[in-house]
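Using the sequences provided together with the hints, build the complete structure.
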Amino acid sequence: MAECAIQVQNLRKEYPGRSGPVHAVNGIDLEIQRGECFGLLGPNGAGKTTTVEILEGLNRPTSGAVQVLGLEWGESDRAIRERIGVTLQETRFPDKETVREIVTLFRSFYSRGLDPMEVIARVALESKATAFVEQLSGGQQQRLAVAIALVGDPEIVFLDEPTTGLDPQSRRQLWDVIRDFRDRGRTVVLTTHYMDEAERLCDRVAIIDHGQIIALGSPAELIARMGGEHIVEFALDSADGSATPPTVESFLTLDSVLAARTEADGFALTVQAPHRAIPALLDELERGGRPLARLTTRHVSLEDVFVALTGRHLRDDENARDSPPPMKGRRRF
Amino acid sequence: MLESSPLFQLYLVRLRDFYRQPARVFWVYGFPTLMAITLGFAFRNRPPAPIQLDLVSAPGSGAIKAAFDAHNTRLRQSSSAADPIALTPPIDVALRDRDVAMRRLKTGKTPLVLEPGPNDSCSYHYDPTRPEASLARQTVDDVLQEAAGRSNPRPVRDVQVTEPGSRYIDFLIPGLIGLNSMGGGLWGVGFLLVNFRVAKLLKRFVATPMPRRDFLLALLGARLTFVLPDLAVLLALGVWMFGMPIRGSLALVVALEITGALAFAGIGLLVACRATTTEAVSGLMNLVMLPMWLLSGVFFSSERFPEALQPVIKALPLTQLVGGLRSVMLEGAGVVDVAPALAILVAWTVVTFTLALRFFRWS
Chain A
0 MAECAIQVQN LRKEYPGRSG PVHAVNGIDL EIQRGECFGL LGPNGAGKTT TVEILEGLNR
60 PTSGAVQVLG LEWGESDRAI RERIGVTLQE TRFPDKETVR EIVTLFRSFY SRGLDPMEVI
120 ARVALESKAT AFVEQLSGGQ QQRLAVAIAL VGDPEIVFLD EPTTGLDPQS RRQLWDVIRD
180 FRDRGRTVVL TTHYMDEAER LCDRVAIIDH GQIIALGSPA ELIARMGGEH IVEFALDSAD
240 GSATPPTVES FLTLDSVLAA RTEADGFALT VQAPHRAIPA LLDELERGGR PLARLTTRHV
300 SLEDVFVALT GRHLRDDENA RDSPPPMKGR RRF
Chain B
0 MLESSPLFQL YLVRLRDFYR QPARVFWVYG FPTLMAITLG FAFRNRPPAP IQLDLVSAPG
60 SGAIKAAFDA HNTRLRQSSS AADPIALTPP IDVALRDRDV AMRRLKTGKT PLVLEPGPND
120 SCSYHYDPTR PEASLARQTV DDVLQEAAGR SNPRPVRDVQ VTEPGSRYID FLIPGLIGLN
180 SMGGGLWGVG FLLVNFRVAK LLKRFVATPM PRRDFLLALL GARLTFVLPD LAVLLALGVW
240 MFGMPIRGSL ALVVALEITG ALAFAGIGLL VACRATTTEA VSGLMNLVML PMWLLSGVFF
300 SSERFPEALQ PVIKALPLTQ LVGGLRSVML EGAGVVDVAP ALAILVAWTV VTFTLALRFF
360 RWS
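Protein chains in written order, with numbering that gives the first Met the number 0: chain A, 0 to 332; chain B, 0 to 362.
You may find that some hints are simply not true.
[Said to hold, decoys possible] Reference excerpt, derived from the structure (chain A facing chain B, CB under 7 Å, subset only): (1) E81; (2) T90; (3) P93; (4) F108.
If you are wondering where the hints come from, they were derived from the structure by calculation, not from laboratory data.
Heads up, the beta-carbon is just placed ideally off N, CA and C, and yes, glycines get one too.
Here's what the structure looks like:
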């Protein structure tokens, strides 16, 4: 059990593109330990899915070395597949099969594994065991996909954006299933573009952008690297008719402020001590005669880490990270 | 144990997927049955249909009409089927103004217009590319000439071939069996696979240790399972409803059908081996099926096509399946007679499977 669950060295994947090759994965090194829940974070198109599909043996790398449970794709495919479980984005199961029939079908592919009803119970679908797939909600279908990933009693499970497009309650139900699996000492590799999901589930995360890992560590470590632990967000009342809006730089000189950036309708300051920064900010605004439209404080999140690293938000279609995930997900059920 | 056999589980999925969708059951069993019944009745043997004739009102048209009336009366009075006149159709004659009659001819409401001329002459107006128009002209002319005193010096006798085995319905049922086999193979294998690919199920399957061979075998097993009831329905319909004979060995009929089903499953597999959208595969399948619908002699004999096309037509799997079925069922052909057909079907199976498996894309 000494070897890592997954080892990746200098992984590259190129696709032919219209203007030269596209580097979907551009030199990734990674070690994932057994028993950890590892998150791959990044915006759409960052290379998460390509990376994971290479780890799952569904895609071949252009170059680089991959070891899964000490085995290599191309040599021990069947042996690896017996020991991993997978959920893909957007798998649609046949409408007219029941939950139990699908789980039984996938169970038959593995030489050892769990009893279908036991897996169905683990994902809390017992009451739907005899329901057709077409009668399941989006969250239930996603839990079915996870059940199928677990039915071979895998040592590693790969979950590719398992909660995209789900309502908050369904997401929490899935998180419970994932935590339960990890608590059994198994390894989870999770891709997501939800920061809260990564913070809650993952022991370590790698932030991927443009096919490269730009930060790696536990969520707490990455947040600590920001220096401050708090974010002060505020907006100015634009109806006051004052000439020019203040520049971001003008806030950097304030007491305890480490970083400042503009948000959609205002500013966000990374601060070490809110009790020193906020009075200083209020004084500064008072002097300039700029009334506040709003002011909130919160803890630094992985999203802030991502924005600080890339200057972009994780999801281009959404700026406010406190709102629930959009229901118009890419997933179609 | 069956519970843990991937092959058996995959096979079960295919069966359930079929019988749980009544629409599919209808297309596979109901539709060809309805088609056979409809066409069977449309082409059943019956007395000749009356000939429609528009007679232009003119001097002399009265006498002409009287000739046809006399013909119709004779026809009604003849009771014996042996009387040659019983084979000629009645003539449904209507007197009309010239304009009206011509307009009816142009719009296809009547096949033939008869216009009396001077000195007992008359002219026929009709479109020679319409077979029923030429036939009407011939019959009307015979009646008219005989009424005017023409005699037929050579005695003739009509022997009609209407015994089972040589009627249109007997020709049609093997054609429909072949057509169904083609549709089932292409849609049941090709369309299904592309649907699975679109749903990312194929990719999900290969992410497991599932033996890929089992996946394919289950698909074929299910196809063969569906093909036999399909064959049985159409054969039963032909035998019991239309009295169609099965002169050769039933086992050989089944063997041909299974070989044909495999060839079409192979074509379905090949068509679907790389397509990533259902639109693409539908287009490809229609492209493959349409020439066979037209050329392979399902509804009418493929001998009608030009000589130059014959080698191509003969190479098509549907031509061979339908031809083989007809010769076994209607002519009582044996294994040796249909060996070339079987060989061509096997060749299609081998070639399509080899290519399809080589280029098959799972994701």
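- Message: Going through the numbered hints above, which ones does this structure break? Give me the numbers in ascending order.
- Response: As far as the earlier hints go, not one is violated by this structure.
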